[in-house]
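Residue numbers (our numbering), protein chains in the order written: chain U, 1238 to 1546; chain S, 28 to 354.
Read the hints as simulated data drawn from the structure, not as lab findings.
Some hints could be false.
[To be verified] Just the calculated beta-carbon pair ranges, DEER-fashion:
id, chain 1, residue 1, chain 2, residue 2, range
1, U, Gly1409, S, Lys135, 53 to 61 angstroms
2, U, Leu1343, S, Arg349, 52 to 60 angstroms
3, S, Gly188, U, Glu1423, 28 to 36 angstroms
4, U, Glu1423, S, Ala280, 34 to 42 angstroms
5, S, Ala334, U, Ser1351, 53 to 61 angstroms
6, S, Glu165, U, Lys1364, 26 to 34 angstroms
[As the list claims (entries may be wrong)] Partial selection, computed: residues in chain S whose CB lies under 10 angstroms from chain U:
id, residue
7, Arg62
8, Ile93
9, Asp175
10, His191
11, Gly235
12, Trp236
13, Asn239
14, Glu347
All residues carry an ideal CB built from backbone N, CA and C; glycine is no exception.
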Amino acid sequence: MPTVTTDPIVLSTLLAELSLRQLPCGGWAALASSSQPAIEPTCYSALVLCSAPVGDSERAQDFLLHTQNPNGSWPVFPGDDQEGGWVTSLAVMSLFDLVPAIPARLKGLHWLVSCVGREGNWFWKWKFRTADRHVRFDPDKFGWPWFPDTVSWVVPTAFSILALNQLPCSCGGLEKVPFRVERGVEMLLDRACDGGGWNAGNGVVYGTALAPHPDDTAIALLALSDRGQHPIVQNGVQYLERLAPTLTAPWSLSWAILALAAHRQPIARLHRSLVALRDLVSIEDTSTLALVCLALDFGRTLSALGVGQ
Amino acid sequence: MSFTRRDFLIGSAALAAGTTVTAPFLLPKYHSDQRPKRSRVAILHAQQYSQQLDQILAAGLRLFPIDVRGKTVVLKPNLVDYIPGNAINTHPLLVLAAAESFRRVGAKSVVVAEGPGHQRDTQMVLSQSGYEQCLRDERIRFVDLNRDELIRTPLRASYTGMKHLWLPRTVLETDFLVSMPKIKTHHWSGVTLSMKNMFGVVPGARYGWPKNILHWKGIQESILDLCATVPVHFVIADGIVAMEGNGPLNGTARPLGNIVLADDPVAADAACARLMGFEPGRIVHIRESSRFLGNSSPVTIDQVAEAVVSPATPFRVVPEFRYLHMQ
């Protein structure tokens, strides 16, 4: 793991701002100007605050436990329809290490195992093989959708793999976990862009190679941190190494730092670039603010995500 | 011929079954006819993106009897992704010109709002596409519709079969919504114009990147449900440099030299389609929306400023959409 010293004043200022944005219900809203709590920013913030001496992480965890759907999944925000969605994997990860949350995490993991991209079904597999071939992908290699009843995409698949990899064993009805994780890994490798890296999940459409995105690439690389020798993973790392020094958007830069650190690449320069970005404390998007904190404290973050150990 | 009570019952049952089966196909899928009696379209010539767009647009808006004094205005550009050299997004100078024009005629506030469909890092797209600097310089607020507060919104049409969508508060509560598409071909829907541009209001945080549920429910059907539910009050379409071929991301830039203004999205899209060399009636969402949402026939459209002239060489499309070309 690379070692980088973080300016404690920068981090503490950002942590204080994050703490200020916590809503009375315990959750965080997606935007600083909003009062509608949402699961994604709450998960990132809970991951930050569980190891920081500010904020009320207990209230954040209570909020997450109380918003879980009866089927084990998490909604995108309280009051959402109860079908569940991609944030389930984030919620499961951010409740890590919390003993009273074990039953909720298990329910969440069961839901994740049962949630399959549509191409996992034989009918859609057949359709994608015969009639609908404009997007190049192998429907045998499926992962997780953003929401039930749609196909697999890179980010929800990567987050689900990270969540399922936190399981110490695949027992108690979770015997399918290794199979799902392996299929998910295959799916990520299949959906990589030709020149290295990942976008949402469309490498080639209508015969045209599409460009990768740094954040999608980084999240995929985190999920593939134990496959560092695979040529596709190495291509992804190289793409991110080339691109990361040019990034000025804190969201993508933070993800890049986490992914490159997980793959044991030097990140000191990126770290300095992140700290030097102006107005970090006034970032409107709370998920981004929390993610910057996670990137500045990348060692602890990777440990919480269970990668790069 | 005798007609028994048994025959009557069997006949009635058959009629009821037939009605049940066929009714969904015969009944209209829209809740109300929202068409204006007449619509107005203005085509303005503009050869390049420059500061002069301010004057061109201000003059164009005067051709419409719109009153935004004291109203909140949301400008919804098409801001999808950034690929160097590709004419993907509505040009920021056109958006700035629109903001300035609406401010000048008394709008209470002007906000630019979009939820990019491919990129989760909205700030990166804003920065790379030149929006960030422009909006900061002109002190125009941007709202990321992918992460805005959401309101459960019943759909006012049933082409997809969905009953509701979660839609952003900023869009639902504005007084005056302006769709500002880039005129482009699209490999899944044929074209992407002011109505398809409304996909950007569907929040990624709720529906994913891309907003895959809309593809599964049918792109044309989703456009219809969305536009029936979220009224577009005005259109300013960027056709100065358009896109043809494998749009919406990887097509080729096609200089068209036009800005299309309209007070009806259906009329706007029909005009844009003609400017591209397409027959509007062959584009499913334009044809269907002209039954309840707006006007596509030249008979019900007041054409002001320049005339609609179809190009000698129509826009190139992927093979599946060659039937759109006018004969």
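Results of checking the hints against the structure:
1. Roughly 59 angstroms separates the CB atoms of U/Gly1409 and S/Lys135, a value that falls within the hinted 53 to 61 angstroms.
2. Checked against the hint of 52 to 60 angstroms, the C-beta distance between U/Leu1343 and S/Arg349 comes to roughly 54 angstroms, which is consistent with it.
3. Range check, S/Gly188 to U/Glu1423: Cβ separation about 33 angstroms, and the 28 to 36 angstroms hint holds.
4. For the hinted restraint 34 to 42 angstroms between U/Glu1423 and S/Ala280, the CB-CB distance of approximately 38 angstroms keeps it satisfied.
5. At roughly 59 angstroms, the beta-carbon separation of S/Ala334 and U/Ser1351 lies within the given 53 to 61 angstroms, and the hint holds.
6. Between S/Glu165 and U/Lys1364 the beta carbons are some 48 angstroms apart, a value that contradicts the proposed interval 26 to 34 angstroms.
7. Look at S/Arg62: its Cβ only gets to about 32 angstroms from chain U, farther than 10 angstroms, so that hint breaks.
8. Of the supplied interface hints, the one on S/Ile93 is violated, with its beta-carbon coming no nearer than about 28 angstroms to a beta-carbon of chain U, more than 10 angstroms.
9. Taken as an interface hint, S/Asp175 checks out: its beta carbon lies about 7 angstroms from the nearest beta carbon of chain U, inside 10 angstroms.
10. At about 9 angstroms, the closest approach between the beta carbon of S/His191 and any beta carbon in chain U falls short of 10 angstroms, and the interface hint on this residue holds.
11. The criterion of a C-beta within 10 angstroms of any C-beta in chain U is met by S/Gly235, whose closest approach is roughly 3 angstroms, and the hint holds.
12. Taken as an interface hint, S/Trp236 checks out: its beta carbon lies about 5 angstroms from the nearest beta carbon of chain U, inside 10 angstroms.
13. Restraint check, S/Asn239 versus chain U: the minimum CB separation of about 4 angstroms is within 10 angstroms; hint holds.
14. For S/Glu347, the suggested interface contact is upheld, since its CB lies about 9 angstroms from the closest CB of chain U, less than 10 angstroms.
Hint compliance for this structure: hints 6, 7 and 8 are broken, all remaining hints hold.
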